[in-house]
Amino acid sequence: MNDRLPILFFALVMAAIPFIPGMPPFWIVLLDNIGLAALVAMGLVLLTGVGGLTSFGQAAFVGFGAYTTAVLSATYGVSPWLTLPLSLIVSGVFAVLLGLITVRLSGHYLPLGTLAWGLGLFYLFSKLEFLGRNDGISAIPPLSIGGYRMLDPASIYFAIWVAVVLSALLTVNLLDSRTGRAIRALRRGHIAAEAFGVHTPRAKLLVFIHAAVLAGLSGWLYAHLQRAVNPTPFGAQAGIEYLFIAVVGGAGYVWGGVLGAAIVVILKEVLQSYLPLILHGSGQLETIVFGIMLVALLQLAPAGVWPWLTSLLPLRTNGKAPDTSLLLPARIRAAGASEVLLQVDKARKQFGGVIAVNNVSFDVQTREIVALIGPNGAGKSTTFNLITGVLTATAGSISVLGRKVDNAPPQEIVKLGISRTFQHVKLVPDMTVLENVAIGAHLRGQSGPIASMLRLDRADEARLLAEAARQIERVGLADQMHQLAGSLSLGQQRIVEIARALCVDPMLLLLDEPAAGLRHMEKQRLAALLRQLRDGGMSVLLVEHDMGFVMDLADRVVVLDFGTKIAEGTPATIKSNPEVIKAYLGVAA
Amino acid sequence: MNTTIMLFLIQDGITNGAIYALLGLALVLVFAVTRVILIPQGEFVTYGALTYASLASGQMPGTAKLALAMGVVAFALDVFAGRKSLHVRLIARSFLANIVLPGIVLALTLYFVAQKPPVAVSIALSLVIVAMIGLSLYRIVFQPLAHTSVLVLLIASVGCHLALQGLGLLFFGAEGQRGPAVLSTAFTAGSLRFTGQSITVYGITIAFIVGLWLFFGWTLYGKALRATAVNRLGARLAGIRTTLSGQIAFLLASVIGALSGILIVPITTLYYDTGFLIGIKGFIAAIIGGLVSYPLTAIAALVVGTVEAFSSFYASNYKEVIVFMLLIPVLLLRSLAAPAVEEEKD
Chain P
25 MNDRLPILFF
35 ALVMAAIPFI
45 PGMPPFWIVL
55 LDNIGLAALV
65 AMGLVLLTGV
75 GGLTSFGQAA
85 FVGFGAYTTA
95 VLSATYGVSP
105 WLTLPLSLIV
115 SGVFAVLLGL
125 ITVRLSGHYL
135 PLGTLAWGLG
145 LFYLFSKLEF
155 LGRNDGISAI
165 PPLSIGGYRM
175 LDPASIYFAI
185 WVAVVLSALL
195 TVNLLDSRTG
205 RAIRALRRGH
215 IAAEAFGVHT
225 PRAKLLVFIH
235 AAVLAGLSGW
245 LYAHLQRAVN
255 PTPFGAQAGI
265 EYLFIAVVGG
275 AGYVWGGVLG
285 AAIVVILKEV
295 LQSYLPLILH
305 GSGQLETIVF
315 GIMLVALLQL
325 APAGVWPWLT
335 SLLPLRTNGK
345 APDTSLLLPA
355 RIRAAGASEV
365 LLQVDKARKQ
375 FGGVIAVNNV
385 SFDVQTREIV
395 ALIGPNGAGK
405 STTFNLITGV
415 LTATAGSISV
425 LGRKVDNAPP
435 QEIVKLGISR
445 TFQHVKLVPD
455 MTVLENVAIG
465 AHLRGQSGPI
475 ASMLRLDRAD
485 EARLLAEAAR
495 QIERVGLADQ
505 MHQLAGSLSL
515 GQQRIVEIAR
525 ALCVDPMLLL
535 LDEPAAGLRH
545 MEKQRLAALL
555 RQLRDGGMSV
565 LLVEHDMGFV
575 MDLADRVVVL
585 DFGTKIAEGT
595 PATIKSNPEV
605 IKAYLGVAA
Chain F
497 MNTTIMLFLI
507 QDGITNGAIY
517 ALLGLALVLV
527 FAVTRVILIP
537 QGEFVTYGAL
547 TYASLASGQM
557 PGTAKLALAM
567 GVVAFALDVF
577 AGRKSLHVRL
587 IARSFLANIV
597 LPGIVLALTL
607 YFVAQKPPVA
617 VSIALSLVIV
627 AMIGLSLYRI
637 VFQPLAHTSV
647 LVLLIASVGC
657 HLALQGLGLL
667 FFGAEGQRGP
677 AVLSTAFTAG
687 SLRFTGQSIT
697 VYGITIAFIV
707 GLWLFFGWTL
717 YGKALRATAV
727 NRLGARLAGI
737 RTTLSGQIAF
747 LLASVIGALS
757 GILIVPITTL
767 YYDTGFLIGI
777 KGFIAAIIGG
787 LVSYPLTAIA
797 ALVVGTVEAF
807 SSFYASNYKE
817 VIVFMLLIPV
827 LLLRSLAAPA
837 VEEEKD
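Chains P and F are the protein sequences, given in the same order.
Numbering of the first sequence is given in the numbering used here, commencing with residue 25 and proceeding in unit increments.
Numbering of the second sequence is given in the numbering used here, commencing with residue 497 and proceeding in unit increments.
By construction, these hints were calculated from the structure, which means they are not laboratory data.
Everything numeric in this text was worked out from a predicted model, so none of it was measured.
Any given hint could be a false lead.
What the hints assert, rightly or not - Sample of chain F residues with no beta-carbon within 12 Å of chain P, all distances over it, derived:
#1 G554
#2 V575
#3 V584
#4 V617
#5 I700
#6 N727
As the list claims (entries may be wrong) - Just a few of them, taken from the derived set where beta-carbon distance is under 10 Å, the chain P residues facing chain F:
#7 T78
#8 F118
#9 M317
#10 A320
#11 F586
Note that the Cβ used here is the ideal one computed from N, Cα and C, for glycine as well.
Starting from the given sequences, assemble the full structure and let the hints guide the process.
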């Protein structure tokens with residue numbers, strides 16, 4: 025991979041730094057602190073910048089890591105190398121406990137929750153007898169390999185930076201994988217990701233644990249660097265500072281966390297030594313400047329320093345086109361005669377007093393294109409949401425190939441081979457078209473997060489990307505494959521959604537206004553594609569307002585008005601149906 | 497358990513709870529109008545309390561200068577924002593509000609501080625100073641960010657908290673202060689002694705709860721403020737001045753914060769960083785109220801105050817732990833009860 029070389033270069037530079045003659049020891053101390061902060065910030069990048077979960081409580085996880093090793097190695101004399109896994113496990117277990125409670129919280133409740141338990145845990149650290157209360161624990165043994173004891177900041181330097189580089193590598197690997205795409209889709213809301221089988225609460229919990237384990241690692245190193253711990257560095261202030269680091273560096277970028285840590289730690293050092301001279305005051309003067317800078321940064325450069333820096337470098341590498349000869353196993357389909365694929369039976373959805381869908385029944389056969397039409401507010405999109413499990417029906421039933429699927433969640437529906445597009449495009453704008461489309465193939469890959477981190481997922485990953493590339497070519501967007509989805513026109517984004525839905529290898533494709541925003545030629549191409557899909561054995565159910573498009577394409581048309589089915593039949597019969605004409609044009613046109 | 501102790505703890509809890517309720521209300525108010533989760537609410541408390549205590553003891557509070565300094569920045573931003581179409585009237589208005597007014601207040605503060613002002617004057621000056629800081633804070637920090645997500649606003653809010661708390665240390669030093677009682681009368685009922693101070697706390701809290709509830713629930717202007725929070729663009733199209741709404745919210749919040757501070761500083765010693773913890777307890781109440789309900793917030797605040805009073809008696813070491821961990825079951829309930837709402841974030 026082309027992003028390996030800079031990492032190797034970076035690792036070599038960091039390894040060489042202590043050997044520069046005349047290097048002030050104090051700089052090494054600073055670099056140690058940068059490394060420790062970078063570990064926590066990296067986790068926050070994944071959590072906040074990528075996953076969209078803001079946490080003010082990371083300092084508490086650093087505390088779990090530090091106190092675990094402090095208690096075990098100082099009080100019970102356990103070897104520090106044995107306490108490393110234990111520190112990580114304790115952080116991880118608390119992340120699971122706190123995560124189960126907090127990650128389901130929507131929006132602003134989550135950061136507030138983290139702030140509250142962050143404070144609570146800080147007070148707990150400072151009150152518990154076996155953690156040494158406010159005085160903490162001292163005389164923690166140093167790390168040692170063989171007879172080499174890492175007693176001073178210069179000797180533990182390598183341990184810290186090996187941890188940073190390895191963690192960065194694992195995190196970057198994780199993001200560039202099947203699981204990573206699911207995580208990156210979290211920030212844009214969960215409906216689209218769930219429609220392709222992503223368990224969003226599980227994905228959120230995963231990043232939460234990942235961030236906590238990195239924080240725990242930082243805490244473990246911190247304890248053996250200082251060889252003493254007390255509650256102060258694990259309080260709310262520190263939690264806020266870690267978030268500040270991530271925002272400064274660029275919350276969306278793993279290396280932004282490292283850069284942010286460098287900027288903030290150095291800045292803090294400079295401010296602490298020079299501010300008192302300027303302002304003749306004492307105490308936390310640097311926090312004033314920090315606070316003001318944080319606000320200024322959010323107003324002027326909310327994306328952070330890293331993206332700005334990388335845009336200056338001519339490092340833009342074009343993605344490699346995946347090898348499309350690799351194949352994923354196809355879905356087993358019942359061959360032969362037509363049968364009922366989807367049966368909607370007296371489906372009903374009420375929102376309070378409003379009946380959005382009123383006892384609607386229709387079916388979709390195999391190899392058939394059915395159009396669902398009706399004026400605005402007729403209940404078409406609600407019907408889609410009932411079929412795909414986004415909404416649960418108030419009454420009635422929905423069956424796929426004769427099996428009832430009432431109230432199954434979206435993740436289960438997509439497993440049955442029903443995939444969809446959205447009326448309001450739901451792509452991740454800062455992911456490439458290829459990555460967006462590959463989310464569609466989520467369920468057809470097997471690799472988990474650990475495999476992804478260790479790059480054991482490459483064969484699996486190549487097949488997923490090959491499938492995505494094939495579907496992109498199929499819908500005619502091969503030239504845009506490596507562009508960011510957000511840079512495409514709205515019409516093209518709709519086509520990307522179709523490619524994503526095709527990656528499921530669906531039996532039934534649900535398209536919500538696919539032709540909106542397309543030009544005439546593009547519509548014709550879309551119609552040709554849909555016919556080709558039908559002839560290849562797929563069924564299509566589409567909602568569309570463009571009557572010319574629908575009447576040309578559909579085998580059958582179902583008409584809804586005010587939530588009720590008013591007509592069903594071939595396009596020719598629908599066109600002359602008086603009820604339909606009345607619904608669209610008013611009385612007695 | 498001794499009834500007297502219990503009554504005493506309850507009374508203590510309710511007095512603290514009333515303060516938390518005031519702060520919780522202010523937080524709900526600001527969130528409902530601007531979507532800002534106002535972490536610096538705690539600094540409004542400290543600033544109000546310590547400005548009042550400083551004035552009463554004849555010391556010059558640095559907050560008066562801060563108000564002027566922030567006013568200058570706000571004025572500069574106004575001029576910069578309106579540079580394409582500068583009107584004399586707009587500039588003059590901004591100059592009056594942002595520079596002349598804090599200037600006059602600073603002059604008054606300097607004048608009064610030399611001669612140990614009466615309690616009423618100290619209260620008035622503290623309230624005006626903190627109110628001006630609150631208004632400028634909105635102008636400088638949150639108005640330029642008004643279109644961004646709740647999370648960006650929250651992070652900015654934390655930044656303000658850091659800066660203001662640091663300034664608080666600079667202005668008031670690390671030592672705690674106490675202020676003179678607002679009302680020094682007292683009477684006893686049974687074994688309980690009610691001070692004029694605590695009665696004032698109850699009265700003001702109840703007045704604000706009823707007032708805010710009436711304002712937001714029943715007046716057109718209150719509804720306009722709420723509309724701003726739900727949909728800024730829509731509110732603007734309907735003719736609501738969203739910036740003014742934000743200013744009103746911050747004005748009210750800073751006044752409520754300062755007032756709470758002035759009310760408690762005669763009862764307990766306040767340090768430059770006490771406000772944050774008090775504010776967070778207000779938050780817990782506000783979150784229990786779902787950040788929308790005023791009555792529920794007030795009730796929750798009383799519960800928080802009482803739990804705190806009891807835990808400080810029975811497990812004083814774990815007082816803060818218990819209070820903050822109180823939030824976890826609440827969040828758990830909220831997350832189970834709240835349906836998963838699709839939120840488009842950026």
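message: Just want to verify: I700 of chain F was marked as not at the interface with chain P; is every Cβ pair farther apart than 12 Å?
response: holds (26 Å)
- prompt: Are all C-beta atoms of chain P more than 12 Å from that of G554 of chain F?
  reply: holds (21 Å)
- request: So, T78 of chain P near chain F? Judge it on the closest CB pair being under 10 Å.
  value: holds (5 Å)
query: Holds or violated: is the Cβ of V584 of chain F farther than 12 Å from all Cβ atoms of chain P?
result: holds (28 Å)
message: Does M317 of chain P hold up as a contact with chain F if the rule is Cβ-Cβ below 10 Å?
response: Interface hint status for M317 of chain P: holds (8 Å vs cutoff 10 Å).
- prompt: Hey, does V617 of chain F actually stay past 12 Å from chain P on C-beta?
  reply: Nearest chain P Cβ is 28 Å from V617 of chain F, so the label holds.
query: Taking 12 Å as the cut and beta carbons as the points, is V575 of chain F off the interface with chain P?
result: holds (17 Å)
query: For N727 of chain F, is the shortest beta carbon distance to chain P beyond 12 Å?
result: N727 of chain F clear of chain P: closest Cβ-Cβ about 16 Å, beyond 12 Å.
task: Go through the hint on A320 of chain P and say holds or violated, using the shortest Cβ distance to chain F against 10 Å.
output: A320 of chain P check passes; min Cβ-Cβ to chain F is 9 Å, inside 10 Å.
- prompt: Should the hint that F118 of chain P touches chain F count as held when the rule is a Cβ pair under 10 Å?
  reply: violated (12 Å)
- prompt: Close enough to count: is the Cβ of F586 of chain P nearer than 10 Å to one in chain F?
  reply: This hint is violated: F586 of chain P lies away from chain F, its Cβ roughly 25 Å from the closest one there, beyond 10 Å.
When held up to the earlier numbered hints, the structure conflicts with 8 and 11 and fits the remainder.
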